[in-house]
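The listed protein sequences derive, respectively, from chains A and B. Residue numbers are given in this note's numbering: position 208 of the first sequence equals residue 208, and the series is strictly consecutive. Residue numbers are given in this note's numbering: position 273 of the second sequence equals residue 637, and the series is strictly consecutive.
FYI, nobody ran anything at the bench for these hints, they're computed from the structure. By construction, the Cβ of each residue, glycine as well, lies at the ideal position given by its N, Cα and C atoms. Mixed in with the good hints, there may be bad ones.
Which stretches of chain B does chain A cover? Using the computed rule of at least three CB atoms under 8 Å from a CB of chain A, they are [stated by the list, open to error]:
1. 429-439
2. 565-574
3. 595-607
4. 646-659
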Amino acid sequence: MTHQYPSLSPEQKKELATIAQRIVAPGKGILAADESTGTMAKRLQKINVENTEENRRYFRDLLFSVDPSISDNIGGIIFFHETLYQKSDKGIPFPKLVKDKGIVVGIKVDKGTAGLNGTDGETTTQGLDGLSERCAQYKKDGCDFAKWRCVLKISDGCPSALAIAENANVLARYASICQQNGLVPIVEPEILPDGDHDLLRCQYVTEKVLAATYKALSDHHVYLEGTLLKPNMVTAGHSCPKKYTPEEVGMATVTALRRTVPAAVPGICFLSGGQSEEEASLNLNAMNQTPLHRPWKLSFSYGRALQASALAAWKGKPENRKASQDAFCTRAKINSLASKGEYKPTGQADKAATQSLFTASYVY
Amino acid sequence: MPHAYPFLTPEQKKELSDNALKIVAPGKGILAADESTGSVAKRFQSINAENTEENRRFYRQLLFTADDRIKPCIGGVIFFHETLYQKTDDGKLFPQLIKERGMVVGIKVDKGVVPLAGTNGETTTQGLDGLYERCAQYKKDGADFAKWRCVLKITPTTPSSLAIKENANVLARYASICQMHGIVPIVEPEILPDGDHDLKRCQYVTEKVLAAVYKALSEHHVYLEGTLLKPNMVTAGHSCSHKYSPQEIAMATVTALRRTVPPAVPGITFLSGGQSEEEASVNLNAMNMCPLHRPWALTFSYGRALQASALKAWGGKKENAKACQEEFVKRALANSAASIGKYASAGDKGAAAGESLFVANHAY
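Build the full structure now, drawing on both the sequences and the hints.
The following block contains the structure:
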């Protein structure tokens, strides 16, 4: 406790800090393309496409093969394990295709949630077994960052002290192991938007959860300058009768982050949760216009909020490839502007963009 | 746990936050004039002055009536209980004088350290009994902020996890009680400079202590925007054979703070510990020139480092009053400049020379 047994050399620290800063360089954010096979089934079903390995490969290829200028807006892409070993139409391994565009390759390493006995349906996340060896291999295979998602929910009795402490601890273990293997850990303590609670309640819970997260990271000697945070925005629950503006969401979120996230953390990349593409962009923009001092970058790590229109445009048909790619690039550019507080919506957004992407109790 | 039971109204929060910002306004810091009767005895003994109530009153009056040059330098003054009820020669209560001169009145409220049984000479701090009522009275009597000092030490076996947790908890209880009465709590977890440990060890311990402090403040629902932190600078132990430059001290200190102190905290007012007046100013200046981003004000809360020369010049003799005040004004001006990184000490070779002495922060 009182002595330090340095876990990282200065060179290792420098590498981690540099990677993290590259991912959240000004105007850049993350494309979360790490949907598991099961989750892809839901996405593809919605556009009547069969969930085959080839279709999954084809769609990711579509996204990764856009014009290299995409790297102005995308600093990192999170992969699912299967995708890391797939190739483009021209036979180029996806990690290489992405890296050659100057984008950092990331990998989802958790193995899903597991129930916590004696709680009201709360969970922790598994995946620590053999994680060090897996991380070493992922590093060899081209990855420089990783992602691990924990899930909490708000209800009358939740989140419980156990859920908060257990999830914070497992996130810290994961982060510690990643850094030993040269991977920047993205720490994701997602508080689901399910419920009818108001904005203040979400803010309160978010502050408690993040305080516990950073205490755990400290206890586990994690090098904060070599991490990123992927939190929920502070919003009211989906069934809350009161509606809040992006400015209110921005203020509540930035306040919560200022009270809990140390300045040493280089960047905060929000998850989009159930927000529509446009909502996610407007809210991110509001964050970056909030009149409170923000010492970390506030950017995006979006899955659905970057891909919904692209998926809807593709519909599984090769002739729609360009239209789908254009839709993706459009959202990427918009979120890039939002990450600098410079997004000026024209007042028109297409159908897919405004359609709420909320799915009750979202599970990857 | 998952519900907020707000106990501070928006108006109360605003008052606390406004006062905290007033104390650490650009160029301003704190005069710690809260030496207990026993501490004053030691100071006066070194200048052969008798430790009478009148001498204590006379000396504090010298400081409080220094000319207007101190107004842009001093944001707040910490009082000892006795001093709060003493008057100027003209019969004006000291708190009233300080307030009229635009400075915020503070009061030391702890009742000293007590040992923690079963530890290697470690302590906690007492003073919580009846603190609620005492704070209400102090607020009526003009105090708008308070100070409570906890003490930790570095040896091969300390600080122990008990000492860290207990002191963090008692600081959080104190802070919580203060805020209920509109008093801004200055949180002081001092890690003594005694020992032969190096800079790295002090940095490590400081990070662990501060992480525990802010977790405790979160658990006790303390409103961070209405608090100030009074930590030690990160330095090597007094008997450490290796000597470190102000730039190394600054880099280690600012790194430790960036990893632990949430941006919501408006200001960090360093204690001077055993540093000389010049050392304390030079180090504070280096903090404010450190190339790492600092989201809080970094200023001073100095006792000896503001008063040593003044005391000596006074020597207990009325005729030395002007000379005494002149010394105090000199140090106030120096530290004011240091708090914005504009202090040019006698041995200064200019800004460029200083900058190159900062080692890349990845080594910290």
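Hints versus structure:
| no. | hint | verdict |
| --- | --- | --- |
| 1 | 429-439 | violated (count 0) |
| 2 | 565-574 | holds (count 5) |
| 3 | 595-607 | violated (count 0) |
| 4 | 646-659 | holds (count 3) |
In summary, the numbered hints that this structure violates are 1 and 3.
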